Amino acid sequence: MKIISIILAECYREFVYAKRYSVERISSLIMLFFIFFGIVYSSTTSFQANSYNYFDPISTSHRIVGFLLWFFALDAVGHLSSSIREDLHIGILEQIALSPYSLIYNLMGRSISRLIINFTLSILLFLVFQKTFDVNIKIPLVVLFFFILTYSGLYGLGLFFAGLTLIFKRLGPITTITRFLLLIFTGAIIPLDSFPLYLKLFSQTLPMTLGLSIIKEIVFENATFLKIIKDYKFFLFLINSLFYLSLGIITFLYLEKKARSKGALGTY
Amino acid sequence: MLLKIKKITKIYKNKTGSIKALDNFTYSFESGYIYGIVGLNGAGKTTLIKTICGLLIPDNGNVYFNDDPLYPKGQKNLHLIGAILEGSRNIFWNFTPLQNVRYFALLRGLNLKDALSKALTIFNEFDLSDKLNTPVRNLSQGMKQKIAIAISLLHEPEILLLDEPTLGLDPIAGNRMQSYILKFARESKKIIIITSHQLSVLENICDEIIFLKKGTFVSSHSMADLKSNTQKTIYKIRALNSNYKNIEPIKQKFINVVTNRDFIEFDFIPNDFPLERALEMIKETGLSIIDIEKFKPTLEDLFFEEIGT
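Quick mapping for you: the protein sequence lines, in order, are chains A and B.
Using this note's numbering, you'd call the opening residue of the first sequence number 1 and step up by one each time.
Using this note's numbering, you'd call the opening residue of the second sequence number 1001 and step up by one each time.
If you're looking for bench data, these hints aren't it; they were derived computationally from the structure.
Every value quoted in this text rests on a predicted model; they were computed, and no experiment measured them.
Please note that a few of the clues may not be correct.
Claimed, not checked - Some, not all, of what chain A presents toward chain B, calculated at C-beta under 10 Å:
1) 10
2) 109
3) 112
What the hints assert, rightly or not - Within a straight-line C-alpha distance of at most 30 Å, the following computed DSBU-like cross-link-like pairs (lysine-lysine) qualify:
4) 1131(B) x 169(A)
5) 2(A) x 1013(B)
6) 1131(B) x 262(A)
7) 1214(B) x 262(A)
8) 1251(B) x 169(A)
9) 1144(B) x 19(A)
10) 1251(B) x 1232(B)
11) 1144(B) x 262(A)
12) 1013(B) x 262(A)
13) 1007(B) x 1020(B)
14) 258(A) x 1015(B)
15) 1144(B) x 1131(B)
16) 1131(B) x 19(A)
17) 1296(B) x 1213(B)
18) 1073(B) x 257(A)
19) 257(A) x 1076(B)
20) 1251(B) x 2(A)
21) 1004(B) x 258(A)
22) 1213(B) x 1007(B)
23) 257(A) x 1004(B)
24) 1020(B) x 258(A)
25) 257(A) x 1013(B)
26) 258(A) x 1073(B)
27) 257(A) x 1131(B)
28) 258(A) x 1251(B)
29) 169(A) x 1013(B)
For each residue, glycine too, the CB sits at the ideal point set by N, CA and C.
The shape of chain A in the complex, shown without the other chains (with noise of 0.2 Å):
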C-alpha cells in the first residue's frame, strides 16, 4: 500500500534525524519532561514558609494524562508546518512533490509517522511519570478511540498551518502561540472551572478540550463507550473534530495549489 511505504520512508528520515541528532532530540524529551515536573509541584506547593502543602494524587492523575494529550498535540499542530519549512530550506520540497502520490498524503504519511513514535515516547514519558508521582493511572483500550478522533482535528489544525507554511513560509511564533493555548486553555494542566466564562466558552471551541474532557470521564469515572456517545458532548466533539480536519484539509489544498501557480514550492 502506498502510504504504508510513505510512513516507512517517513519513519526512516525520522530515524536518520533521531540518529544524527540523538543529543537534540534526547534534551528535548527531557526537557519536556522539566517542564510538566515543574508546572504539577508549582500546583501544589507554596512560596509562603511554614504553609501546608498538599499533593492531591487526583489532580496529578488528570494532569499527567492531560499533558499526554498536549504531547501529541504539541507535534501534531506544530510539526506538518516545520517540516515543511526545513524541506523548503534545505530545498528538498520540491523533489517531495514531484511524488505521483499528492504532497496531503504524504504530510499524512508524515503525521502517521510521528504519531507511532510519540506513541512510543508517550509511553515511555507516561511510566516515569507514574513512577515519579507515584500514582497509578490504568487507560483502558477504548480511550483510543477518542484518541484518534481528537488527534484528527489536532491533525487538522497542523494542515492548516503546514499551507500556510507554503506561502508564508515562516509563521512566526503562530504555533507555539497555539501549542501553549493548547496547554493552558483546554484543561490539560489548569481545571476549566477556575476560567471565567469567556474563557470557558472559547476553551470549548479548541481541537483538544472535548476530546480531553471526554478521555478523563473514560480513566477517571469509568465512563462507558455508550454513555460516552449518547451524551451531547460527543455530538459536539465529533463536530468540533471534524470542523478542525476539513478545515486544515481544504486550506491546505487551496493554498497548496497557490503556492504552484506562484512557483513557491522551490522558494524559502
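Given chain A, put chain B in place with the hints provided.
Relative to chain A, chain B alone:
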C-alpha cells in the same frame, strides 16, 4: 512515449507588475532523443521544466503524457518523470547516498531491495562506490549532482528533466557529467530534456536544440543542422553608417543586419547569389563599404543569432 506541451502560458504576478515567463509554448518530445533548451537568463527554461513536472501550474495550456493531461488531476503521471531542479539540493545533504536511496525509494513506493541494487549499479557507473556511506555534504559538487541524478533514475522514469545539470561544476566534472548523460540516453531510449544557457554544454549530447527568448519559442534545430551551419562561410560586410537611402528592402537578403552608431554590418551567406551581387545591393543604397570579413560561425554565434542579444 510522447510528451506534448500545448500552448503553455505562465505569467508571474507581483506587486510591481507581471512577467510573462512562458508565452503560448508548444512542442512535442519523443522517446530516444535528447533535447536541449537554450536561452538567456529569464528565457523561461526553468519555468518550462517545472511546468512539465507539475510543480508550476500554468495559466493556460497543458502537458500531455501520451495524450493523458497532467493538469488538473494527472498527478499519477508524475511517476514517468525524474527531475534535477536548478537551485534545489534535490537530495538530503545530511544523509549518505545510501540513506537518500532508501528514503526516496520508499517515498516512491519502490521495492527497497530492487532500488538499492539499481542504485549500486548506477553509483558504480558514476565512480561513487567508495562514497556510499559518506554524508553527501562532504562530497564535491560534481558528486552531489551525480547522486541526485542517480536518485532521480531509481524509479526508471520515461522522462528525465535536467535543469542546468552542469552548473557549478568544474570543466572536468562537467565533461564527465555530459558523458554519463549521453551514455544513459543512448542505452535507455528515454526522453531527456536538458536546459542550459551555454550551448557548448549541449553541443556534444543533444539531438535537438530549442531556442527560447523571453518565454517565447524562437526556433528548434537538429544539432546536426546547427553543426552543418558552422561549416558555412559567412561574409561580414561593414559599411559606414552615413549618407544612405532606405536599406529595408535589402535587409531580407542577408541573414543578419546590425546597425550601430558608426557602422552597419551585413552578414551574408553566398547561397542564392554571389558576393559581388551583395556588394552591389549595398552600394546601391548609397552606403560606403569599408571592410569585408570572411569567417565560419561557432555554435555560440548561432545561439546569439537565434535569440538576439
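Original post:
Is residue 1073(B) close enough to residue 257(A), meaning Cα to Cα at most 30 Å?
Top reply: Given that 30 Å is the threshold and the Cα spacing comes to 12 Å, the pair holds.
Original post:
Taking only the CA atoms, is the gap from residue 258(A) to residue 1073(B) under or equal to 30 Å?
Top reply: Holds, at roughly 15 Å.
Subject >> 30 Å Cα cutoff - pair residue 1131(B), residue 19(A) >> reply: 20 Å, holds
Original post:
Would the pair residue 258(A) and residue 1251(B) pass a check requiring their Cα atoms to be no farther apart than 30 Å?
Top reply: 47 Å, violated
Original post:
Taken at face value, is the distance from the CA of residue 1131(B) to the CA of residue 257(A) at most 30 Å?
Top reply: 39 Å, violated
Original post:
Is the Cα-Cα distance between residue 1013(B) and residue 262(A) 30 Å or less?
Top reply: 8 Å, holds
Subject >> residue 1296(B) paired with residue 1213(B) [C-alpha distance capped at 30 Å] >> reply: At roughly 24 Å apart (the allowed maximum being 30 Å), residue 1213(B) and residue 1296(B) satisfy the hint.
Original post:
Within a Cα-Cα threshold of 30 Å, do residue 1020(B) and residue 258(A) meet the stated pairing?
Top reply: The hint holds at about 18 Å.
Original post:
Holds or violated: residue 1131(B) with residue 169(A), Cα cutoff 30 Å?
Top reply: 34 Å, violated
Subject >> Hinted pair residue 1251(B) and residue 169(A), Cα distance within 30 Å >> reply: The given pair, whose Cα atoms are some 53 Å apart, is violated under the 30 Å limit.
Original post:
Does the alpha-carbon distance linking residue 1131(B) and residue 262(A) stay inside the 30 Å limit?
Top reply: Violated, at roughly 38 Å.
Original post:
Holds or violated: are the alpha carbons of residue 1007(B) and residue 1020(B) at most 30 Å from each other?
Top reply: 13 Å, holds
In summary, the numbered hints that this structure violates are 3, 4, 5, 6, 8, 20, 27 and 28.
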